[in-house]
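Protein chains in written order, with my numbering: chain H, 1 to 447; chain Y, 1 to 321; chain D, 1 to 182.
Calculated from the structure, these hints are not laboratory results.
Hints may contain errors.
[To be verified] If you anchor each label on the Cβ, the simulated ranges turn out as follows:
hint, chain 1, residue 1, chain 2, residue 2, range
1, H, R89, D, A172, 29 to 39 Å
2, D, N167, H, G280, 44 to 54 Å
3, D, T89, H, K193, 21 to 31 Å
4, H, A113, Y, K304, 30 to 40 Å
Glycine is no exception: its CB is placed at the ideal position from the N, C-alpha and C atoms.
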Amino acid sequence: MNLKSRFFKFMFKTTLNTAVSFFLLISAAQSAEYDYLKFTNPFIKKIPIAVPDLRNMNADPAVNELTRRGADRLSSNLAFTGFFKLLDRSAFLTDPQKNELIPSNIKFKNWTAIRAEYLVTGSIKVFEGDMIEVEFRLYDTFRENLKVGKRYKGWKNDLDRMVRRFSNEIVFNLTGIKGIFNSKIAFISKKSKKKDIYICDFDGSNAQRYTKTQSITLSPAWSSDGQWIAYTSYVRGKPDLYIRNIIQKHGVVIRKKGSNITPDWVPGRFELAASLSFSGDPEIYLLTGKGKVVKRLTNNRGIDISPSWSPDGKKIAFVSKRSGTPQLHIKNISSGGLQRLTFVGKQNTQPCWSPKGDRIAYSGMLKGLNQILVISSKGGDPVQLTFEGDNESPSWSPDGNLIVFSSTREGVSRIYVMTAIGTDQRRLIALPGQQSEPSWSPAFSNN
Amino acid sequence: MEREERTLLLTFGVSLLCHAIFFGLMLFWPSQSPARFKAPSAIHVDMVSLPAPINDVQTAIEPESAATDPVPVEAAPQPPKPDEIKPLIPEPEIKIPEKTEPEVKIEEPEKIPDKPPKHIQAKVKPKPDKLPNKIVSLTPKKKTPKPKLKPKTALKQKTQKSSNVIKQAIAKLETSKKKASYDPVKAKLDGLRKKLGKIKNTDTPKRSEGTYSGQSRGKFSLALAGKLNIYKYGPLRDSIVQNWAFNPGLAGGGTDLEVQLLVKIMANGKIGSIEYVKRSGNAMLDESAYRAIKKSDPLPRLPKGLPYYEIVMGFGPSGLN
Amino acid sequence: MQRSLMVILTLGCILPSFLTTVACTTKKTAGLNPSETLSKKAEAAAEERRQQQLLEEAGLAEQQSAIAQERERFSTDNVHFAYDSAILTPIGQNVLNRKAEWLRKNLSESVIIGGHCDERGTTEYNVALGERRAVTAKKYLNDLGISDSRLKTVSYGEEMPIDMGNNEEAWAQNRRAEFNIE
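For reference, chain H alone in the conformation it holds in the complex (with noise of 0.2 Å):
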């Protein structure tokens, strides 16, 4: 009986086994399981993009150099970004000027051919003389579509501010993260021992002086609205903190004892933080717009300086020589929590949190020499981008995908900018002198 009803035991479960390993065998069945292949190295780095001469709507051969001037511009646009191979317009199966870039007489086998991904056709008409109408249209040559569409209209030489606009709206279609080509960057230019601040356009064109002091100016920062410009002049013979509208140019000074250096604006407010030493050592403070210390955010002896908001305005990061070399800590605002970020090398500094907050570029010295890197902003490793000669001052772009900074690669410093992981590294701006301390203006929507 023990025995039976063991055997019974037994019987019943492995009955119930079979069942459920029949109900787990149909199960799996259902869900598929299959080979499996990688892929974590694209060949092609850029997307392949094809940019036509606009076509010329007037019969006038005079508006030809418009044609040319708006397609290398959005070209140049593009190419800016790295993530955009521009195809070989002589390659090009299709005259613009033939009636080939009509919308209904595409034909996307001619650009597929060419390994064209997308298509940016344009139009120009010329009308009561200096007036012009501009349309764009990006492709996708692929799926054999429209993607977006725009029409402007204008003055003549308004035709690279289009340009940019439409630059922004394929940017913003493929990517989904608005376009930069109407920011600004600030730099600081050094002629004959003067240092002043210049601003120029993204792509370090239309440079323009706006500091006007026979003296040194030093750490241009822009508030999240783009309305205002922070910086550090020796205009009264030492440090001092000047908040100025950038069109108007009314403003403040902090003049307070000591150095008022570093500012960085709060994302989305009138407010910022400095490093002012009026206490004796470098602290950083919170102020208002009007220059009004609000509260003091660091209290250590020793240096501490440059804050960098993220962009949720919650935490800095800034440089710290707390643990004896300058490295760079994260505090947390509203907690006070502090946190060490940097723990390799001896001279970790210029923290510039990223747009999307998940990464701080920063300069840090191996070998004597400065050079750019990007942490995680949780810490962990740091990831060196730059390599050649002294590299200082890193500032993101508003979308977070390019780095601008200052290298002396090529002798004197000169400003120079890469994309986001290092690669694409070109100079910008060439102006009489040293150029240094650039700064990234946020996007502006309408430019």
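Go by the hints and put chains Y and D onto chain H.
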């Protein structure tokens, strides 16, 4: 007592028979090899459909007018405003698979500058791409976690386990080879076997890509599995990789992004279907993977003896690492 | 009557002149104009006075230049620092001891201490580091009894190198606290 014993015996006999049949099936079913890749449980293949041609894009031409620089360095003179702006009616001829309602947006007219920007831009000196993997990490890098996948059991092991199965299979293949390279009945059978043959494998050690090969190994001979392996890591991979256009920078330097697509390759290399198995969350990456496969159509012919080949392709830029 | 008056007057003039002539002859200085002799004497005296004056001036100048030298040395002797450091070296302390001495002697003077760095660090960090250097020097002088009100600090970071070179010697020269008399 007797009856009870008899009933017991009968039950036992029936159960034994059932088991014998079941295990027999298990043992002799040609495609009983332990499964390797299991799609993420959250994703059922049949619930993912082939992406329809993208038509969620803006198909409208939106008129705009140019504006003045809102942040001129020097206070810019206020230039005259441009003339009226009329919305452009989208041209009906624009070929879009599925046309969406064009949305015409008129933006307020804006000011116009009077100075054309001077191009102070210096020469652009693009440097050879410093690839992420060339970048020196200051401290030893952590290995990127590989996608969680089913481990493979070494082919050899399996072969040993069921040597007679293989023998049988080889014999079968040999005969089928003599007949024709493609047998629709066999293909159908293979498909069925494949469906049944997938058995969950319990041990899931981390594996790197490509340690297993061939589809439903039990189905094919060692030779064919080898050929498939060569195909997979040779012509197949090469064609796709050459057509994959993506900038790792567009992934924001993230290392954990991956899009997975299930691709069915027919015997002649034509792509039968592409389905997203897992999206990465980055539209640009998802699109680039789809294009890479589409652009590779047709792929090189499959090794002889395979009616079709289904494979999951994962695309994820190595990013900063 | 008139004539006799004239004669008397003439005699009155001539006689004394004879008398003097006799006296001169006895001293063997005959033949010299008496007025000439007088001017010569005055000249000698003037010369002597001039000599005296020159000597005095020379003495003053010497004294003056010693003071100036001290002053000059005060402003040109810099306090140097190690790389990325604002800590005083023994040499630096010696320099500061001399400065304190001078400041004690020249109670009316006040000073601006400028902090400087070599070019290697980043711009803003160097402003902070330069300030630490200036402040350290100032505190040392305070400890030696120099009033706080006579000492100001300002950091110039890496903006004002004295040696434009790109080597250790140049950098060492540029890492300094500078003293400027207000």
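Here's how the hints hold up against the structure:
1. H:R89 with D:A172: 29 to 39 Å: violated (57 Å)
2. D:N167 with H:G280: 44 to 54 Å: violated (34 Å)
3. D:T89 with H:K193: 21 to 31 Å: holds (29 Å)
4. H:A113 with Y:K304: 30 to 40 Å: Given about 32 Å between the Cβ atoms, the range holds.
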